[in-house]
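In order, the protein sequence lines correspond to chains A and B.
Going by the numbering used here, 191 is the number at position 191 of the first sequence; the sequence numbering is gapless.
Going by the numbering used here, 94 is the number at position 94 of the second sequence; the sequence numbering is gapless.
I should point out that these hints are in silico values taken from the structure, not numbers from a laboratory.
Please note that the accuracy of each hint is not assured.
[What the hints assert, rightly or not] Derived DEER-like restraints, expressed as beta-carbon distance ranges: (1) A/Asp48 - B/Arg113: 53 to 63 angstroms; (2) A/Glu87 - B/Ala34: 20 to 30 angstroms; (3) B/Asp145 - A/Ile192: 45 to 55 angstroms; (4) B/Ser93 - A/Ser55: 41 to 51 angstroms; (5) A/Gly85 - B/Arg189: 31 to 41 angstroms; (6) B/Gly66 - A/Ala37: 55 to 65 angstroms; (7) A/Ile145 - B/Arg150: 21 to 31 angstroms; (8) B/Arg175 - A/Trp18: 54 to 64 angstroms; (9) B/Arg113 - A/Ile192: 35 to 45 angstroms; (10) B/Arg199 - A/Cys102: 40 to 50 angstroms.
[What the hints assert, rightly or not] Residues of chain B clear of chain A, computed beta-carbon distances all greater than 10 angstroms: (11) Thr23; (12) Arg24; (13) Ala30; (14) Arg63; (15) Thr64; (16) Thr65; (17) Ala102; (18) Asp145; (19) Leu151; (20) Asp174; (21) Leu176; (22) Ser179; (23) Ala182; (24) Thr193; (25) Arg199; (26) Gln201.
Computed from a predicted model, the values in this text were never measured in an experiment.
For every residue, glycine included, the Cβ atom is placed at its ideal position computed from N, Cα and C.
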Amino acid sequence: MKTDDLIDLLAKDLRPGWPFARIVSAAALCGVLVTAAVFFLGIGFRSDISQALESVRFLFKFVVTITLAVGATGAAITLSRPSVGIERWGWALAAVPTLLLCAVGLELIAVPESAWMGRLVGHNARFCLTLIPLLAIGPVVCLFIALRRGAPIKPRLTGALAGLAASGIAATFYAFSCTDDSPLFLATWYPIATLIVAAVGYLAGDRLLGW
Amino acid sequence: MDVDDCNKSEVGSVKGQGVNGWTREGEWAARMRAAISGDAGAYRLFLASVTPHLRSMARHRCRTTGASEGDAEDIVQEALLAIHLKRGTWDQSRPIGPWIAAIVRNKLIDTLRRRGRQTMVPIEDVMNTLGVEDQNDGLSSREIDSLLTRLKSQQREIVQSISINGSSVRETADRLHMSEGAVRVALHRALKTLADLYRSQIS
Chain A
1 MKTDDLIDLL AKDLRPGWPF ARIVSAAALC GVLVTAAVFF LGIGFRSDIS QALESVRFLF
61 KFVVTITLAV GATGAAITLS RPSVGIERWG WALAAVPTLL LCAVGLELIA VPESAWMGRL
121 VGHNARFCLT LIPLLAIGPV VCLFIALRRG APIKPRLTGA LAGLAASGIA ATFYAFSCTD
181 DSPLFLATWY PIATLIVAAV GYLAGDRLLG W
Chain B
1 MDVDDCNKSE VGSVKGQGVN GWTREGEWAA RMRAAISGDA GAYRLFLASV TPHLRSMARH
61 RCRTTGASEG DAEDIVQEAL LAIHLKRGTW DQSRPIGPWI AAIVRNKLID TLRRRGRQTM
121 VPIEDVMNTL GVEDQNDGLS SREIDSLLTR LKSQQREIVQ SISINGSSVR ETADRLHMSE
181 GAVRVALHRA LKTLADLYRS QIS
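Okay, chain A solo, but in the shape it has when bound:
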C-alpha cells in the first residue's frame, strides 16, 4: 500500500471523540459506581457509623485513600501520554506514605506502648486483605479498558498506577465498614492489600497497555 493511500484511509477514519483524560476520568467514575454497588449490596456501613464520623482517626482514613485514588488516576493519565512524565501527580502519590508516617508518629505519641500491638493487629486484617482487592476488581477493569487508548512509554508502571488508583477507590469504601481506625492498622494492612492490586496491575500493564 502506498503511504499516500494510507493517509487517505486514516483521514476517512477520523471521528470526533472525548479527550483522553476525560475518558479515563469517566472510567474511574464507573469504577466508583461499581464498587459502591458491590459495597452497599454486600458489605454496608459499620453499625456505629454516626459516631465514627466524629472521630478524627476515622476521617483520616479517607484523606489517605482519596489522595491515593486521585493521585494514581492522574499519574496514570499523564504517563499514558508518550512525551509527558508523572509531573505534579508524583507529589500527590508521595503524600500518601508521608501522611501515613506522620499519623503513625502521632498515634505512637498519643497511645501507651502497651496498646500499640493490639491496635496494629486490629480485628479486621483478614477482611482488609480480601475485601480491598475484591472491591478493586471493578475499578481496575474500567481503568484498564480506558487506558488501552493511551500510549504509555512505561506500560507496566502505568498498569501498576491503575492498580493503585483502583485500590484507592476500593479502600475508600472498605474504610466505611472497617472498625479499625488506628493509623497503625491503616499503615500496615491497607498498604499490603494495595500492593497486591498494584502488582496485578503491573503484570497486566505489560500485556494490555503496550502499543
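For this one, chain A is given, so just place chain B on it according to the hints.
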C-alpha cells in the same frame, strides 16, 4: 557510538531552521486541533505534512543502525497508524513535536527489535531529525500488504476499497450492501487490528 557522530552533523542544520521549526510545529498543532474537532481535510494535511519528517527520521535511523532503507517506509506507515490511533493522547496545551517524536521513537524501537537490531534510540536524535524533510511521494511498503492479508475478509475488502481504490465510505457501503456506520466501525476495527498485527511480530 556512531549515533553521536550523526547527531553532531545534523544539529547544525536543525539550529539553522529553528524559527521555521517553531512555525512548522505551530502549523501541525493547529491542523491537529482542527482534526480533533472533526475537520478531515485539516487532518489529511497534517498527516501529509508530517510524513516527510517521519521518513527522514526513519531513513536516518535505518542508516545508523545498518538496517535496510527499505524498512524505512514500513516504519513511516506504522508510525502514521500509531499517530492516528493515539492522537487522543496529545495534550493540546503542549507542543506537538515532542509528542510525535515520542511516538515515532517507540515505533522505531519496535521495528528495530523486530529486525533484531540494536534498540537504543536517543530521544534527542529523534527530535533533531524531526527537523529534516525527506520528500518522496508515492512510496509504498510491502509489510502492510502482508499484514492486510491477515485481516478478516470483510475488513480487508473495506480497507482496500477505501485506500487503494480510493472509494468513499458511502460508495464502499453501497457496494458491500452495508450501512455507512457499519463500514466505519469495521474500518476502525481493521486499523486497530493492523496495529496489533505490527506488534505481534515482535517476539
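Now for the hints, and whether the structure bears them out:
{"no.": "1", "hint": "A/Asp48 - B/Arg113: 53 to 63 angstroms", "result": "holds, 58 angstroms"}
{"no.": "2", "hint": "A/Glu87 - B/Ala34: 20 to 30 angstroms", "result": "holds, 27 angstroms"}
{"no.": "3", "hint": "B/Asp145 - A/Ile192: 45 to 55 angstroms", "result": "holds, 52 angstroms"}
{"no.": "4", "hint": "B/Ser93 - A/Ser55: 41 to 51 angstroms", "result": "holds, 42 angstroms"}
{"no.": "5", "hint": "A/Gly85 - B/Arg189: 31 to 41 angstroms", "result": "holds, 32 angstroms"}
{"no.": "6", "hint": "B/Gly66 - A/Ala37: 55 to 65 angstroms", "result": "holds, 57 angstroms"}
{"no.": "7", "hint": "A/Ile145 - B/Arg150: 21 to 31 angstroms", "result": "holds, 25 angstroms"}
{"no.": "8", "hint": "B/Arg175 - A/Trp18: 54 to 64 angstroms", "result": "violated, 32 angstroms"}
{"no.": "9", "hint": "B/Arg113 - A/Ile192: 35 to 45 angstroms", "result": "holds, 36 angstroms"}
{"no.": "10", "hint": "B/Arg199 - A/Cys102: 40 to 50 angstroms", "result": "holds, 45 angstroms"}
{"no.": "11", "hint": "Thr23", "result": "holds, 20 angstroms"}
{"no.": "12", "hint": "Arg24", "result": "holds, 17 angstroms"}
{"no.": "13", "hint": "Ala30", "result": "holds, 16 angstroms"}
{"no.": "14", "hint": "Arg63", "result": "holds, 19 angstroms"}
{"no.": "15", "hint": "Thr64", "result": "holds, 21 angstroms"}
{"no.": "16", "hint": "Thr65", "result": "holds, 20 angstroms"}
{"no.": "17", "hint": "Ala102", "result": "violated, 4 angstroms"}
{"no.": "18", "hint": "Asp145", "result": "violated, 6 angstroms"}
{"no.": "19", "hint": "Leu151", "result": "holds, 12 angstroms"}
{"no.": "20", "hint": "Asp174", "result": "holds, 15 angstroms"}
{"no.": "21", "hint": "Leu176", "result": "holds, 15 angstroms"}
{"no.": "22", "hint": "Ser179", "result": "holds, 15 angstroms"}
{"no.": "23", "hint": "Ala182", "result": "holds, 14 angstroms"}
{"no.": "24", "hint": "Thr193", "result": "holds, 13 angstroms"}
{"no.": "25", "hint": "Arg199", "result": "violated, 7 angstroms"}
{"no.": "26", "hint": "Gln201", "result": "holds, 13 angstroms"}
Hint check: violations occur at hints 8, 17, 18, 25; the rest are consistent with the structure.
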